[in-house]
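**Q** Input sequences plus hints: build the corresponding full structure.
From first to last, the protein sequence lines are chains A and B.
Going letter by letter, the first sequence gives residues 19 to 326 in the numbering used here.
Going letter by letter, the second sequence gives residues 22 to 271 in the numbering used here.
One should not assume that every hint holds.
Calculated lysine-lysine pairs in the DSBU-like style (CA-CA distance at most 35 angstroms, straight line) [to be verified]:
| id | chain 1 | residue 1 | chain 2 | residue 2 |
| --- | --- | --- | --- | --- |
| 1 | B | Lys-248 | A | Lys-187 |
| 2 | B | Lys-264 | A | Lys-187 |
| 3 | B | Lys-73 | B | Lys-218 |
| 4 | B | Lys-41 | A | Lys-287 |
| 5 | B | Lys-53 | A | Lys-192 |
| 6 | B | Lys-262 | A | Lys-287 |
| 7 | B | Lys-268 | A | Lys-159 |
| 8 | A | Lys-297 | B | Lys-53 |
| 9 | B | Lys-252 | A | Lys-290 |
| 10 | B | Lys-53 | B | Lys-128 |
| 11 | A | Lys-287 | B | Lys-264 |
| 12 | A | Lys-187 | A | Lys-297 |
| 13 | A | Lys-236 | B | Lys-73 |
| 14 | A | Lys-192 | B | Lys-262 |
| 15 | B | Lys-53 | B | Lys-87 |
| 16 | A | Lys-192 | B | Lys-175 |
| 17 | B | Lys-73 | B | Lys-53 |
| 18 | A | Lys-290 | B | Lys-264 |
| 19 | A | Lys-297 | B | Lys-264 |
| 20 | B | Lys-248 | A | Lys-297 |
| 21 | A | Lys-84 | B | Lys-175 |
FYI, nobody ran anything at the bench for these hints, they're computed from the structure.
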Amino acid sequence: MTVLVYAEHDNVVLKSDTAKVVHAASQMDSEVHVLVAGSGCADVANQAATINGVSKVLIADSEEYKHQLAENIASLMIEVGNGYEYLVACASTVGKNFMPRVAALLDVAQISDIIGVEPDNIFTRPIYAGNAIARVQSTDKTKVITVRSSAFDHPGDGDSAPCETIELKIQSEKSSFISEELTKSERPELGAADVIISGGRGMQNGENFALLEGIADKLGAAIGASRAAVDAGFVPNDMQIGQTGKIVAPQLYIAVGISGAIQHLAGMKDSKVIVAVNKDEEAPIFQVADYGLVGDLFDVLPELEALL
Amino acid sequence: MKILVPVKRVIDYNVKVRVKPDESGVDLSNTKMALNPFCEIAVEEAIRLKEKGIATEVVIVSIGDKSCQEQIRSALALGADRGIHVQTDSSLDSLPVAKLLRCIVEKESPQLVILGKQSIDSDNNQTGQMLAALLDFPQGTFASELSVENDIVKVTREVDGGLQTVALNLPAIVTTDLRLNEPRYASLPNIMKAKRKPLDVIEAASLNVSLSSNVKVLSVSAPAGRKAGIKVADAVELINKLKNEAKVIS
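**A** Pasting the structure below:
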């Protein structure tokens, strides 16, 4: 009757999303275990052990798991997850990648991207880019679930739970890692930031995103972008916020030069406070903004930076 | 090399979604329907591989009632060679869809299956990965670039924080992300030509696959609305409000 949560990390640091997923998991059952799979990831296991609500950490530390390839991780999750009622991961690009494989191999459905947990195995999840919320009930023996971490709070830290080593190496011969190119940034990650400032097509080009940086530095904010800005080639896709990018819910979200297409709103409308700066006063973004400022962003941004 | 592209008929992405008053679902009556945008990218990528001489045939498959033949024809008009319609009137969960697709893959033996990463209606992001698991194929999800060399496909994937490149032995499954390509528009002559391309119909029931799901939708409701706030006059007032009223900056 326990829950197994898959930990998200870079082999060194545990992502705070995992703690939020643990919070969601603890609403399914009181006993929550965390699986840390990676290479040289002992520190991550120690970090996971202190999350409030975690009663045991399982660590599978081996080269095969270093790059989180879906083929290896799904097979590991099935072996380790045997006997658990709930298998849970973050709805990140890692969880989305391997969890449907787990569900298919177990011959059960997957419930994607849940934002709420109710008694009797009822879950809520957004569909149609968040324009509708579905309440679904599962009667599968094993429930395979991905969690939208921004919908749950961080449960805080507590006493350290025991760690147990899993001696299991699974290597698919059919896929292999070649390379990765990770964006380096001193700023917080979009998923973990309290403040996010995002630019849209109104920024006109990639260089102008520098106007957001000064403000981001003063507020300790992450920088995001709308799909329009990504499609126009201003900034890389990992900055994209929206239905097809990242879903965020910071304390403060500042949308600059973003019109507010449905697909962008799907990624940020649960933010606590929304600010919109746009020169078009009819822009739909103003319908969700707590504070709207109609004006030219090239005037407004330097003013804001000077005032902070 | 044969490429199979499964596609889905969905509500057009420009249409505003209305929830039915009895909360039984989303109102799709008299709504404009279209090829799911990520599926369109998958079709485009397959056609480009054919134009490069890497693929020899592009086969489209869609599962649903008769109306999804419209989307198969759209894909044929973009340049695919033939279509398969798996006929069913039930609305299916991802796992039964993946099981039906497995039957089609076993029949057609494609070297590469390219799917959209998610459909914009149910937003599940599951089918490609489930199909890969059922076939024991390797998978390259959320692709922004792919290249085929001999018996290997190299896939660059959009992951949180950047890009990851993997090598997969063929046969393999690839799911598309937005930046993989920009789909073309169908020309009128090609739309006419598509009407004469072969389209086989297979009854889903004839494939001996369980179409049921243990996840039931209890209700579908509109999300809690967010009210528009106020307009501020200038940057000074904005900072003042954020500091003293919303208290989100100090």
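**Q** Confirm or reject each hint.
**A** To see whether the hints hold, each was checked on the structure:
1. B:Lys-248 - A:Lys-187: Since the Cα atoms of Lys-248 (chain B) and Lys-187 (chain A) sit roughly 52 angstroms apart, the hinted pair is violated (cutoff 35 angstroms).
2. B:Lys-264 - A:Lys-187: Roughly 53 angstroms separates the two Cα atoms, so the pair is violated.
3. B:Lys-73 - B:Lys-218: Holds. Lys-73 (chain B) to Lys-218 (chain B) sits at ~21 angstroms (cutoff 35 angstroms).
4. B:Lys-41 - A:Lys-287: 22 angstroms, holds
5. B:Lys-53 - A:Lys-192: 41 angstroms, violated
6. B:Lys-262 - A:Lys-287: Within the cut-off at roughly 20 angstroms; holds.
7. B:Lys-268 - A:Lys-159: 46 angstroms, violated
8. A:Lys-297 - B:Lys-53: 31 angstroms, holds
9. B:Lys-252 - A:Lys-290: 17 angstroms, holds
10. B:Lys-53 - B:Lys-128: 33 angstroms, holds
11. A:Lys-287 - B:Lys-264: Given pair Lys-287 (chain A), Lys-264 (chain B) holds - Cα atoms ~21 angstroms apart, limit 35 angstroms.
12. A:Lys-187 - A:Lys-297: Roughly 57 angstroms separates the two Cα atoms, so the pair is violated.
13. A:Lys-236 - B:Lys-73: 50 angstroms, violated
14. A:Lys-192 - B:Lys-262: It is violated: about 56 angstroms lies between the C-alpha atoms, which goes past 35 angstroms.
15. B:Lys-53 - B:Lys-87: 16 angstroms, holds
16. A:Lys-192 - B:Lys-175: 12 angstroms, holds
17. B:Lys-73 - B:Lys-53: Answer holds: Lys-73 (chain B) to Lys-53 (chain B) is near 34 angstroms, not above 35 angstroms.
18. A:Lys-290 - B:Lys-264: 14 angstroms, holds
19. A:Lys-297 - B:Lys-264: With Cα atoms ~23 angstroms apart, Lys-297 (chain A) and Lys-264 (chain B) stay inside 35 angstroms; holds.
20. B:Lys-248 - A:Lys-297: Holds, at about 20 angstroms.
21. A:Lys-84 - B:Lys-175: 19 angstroms, holds
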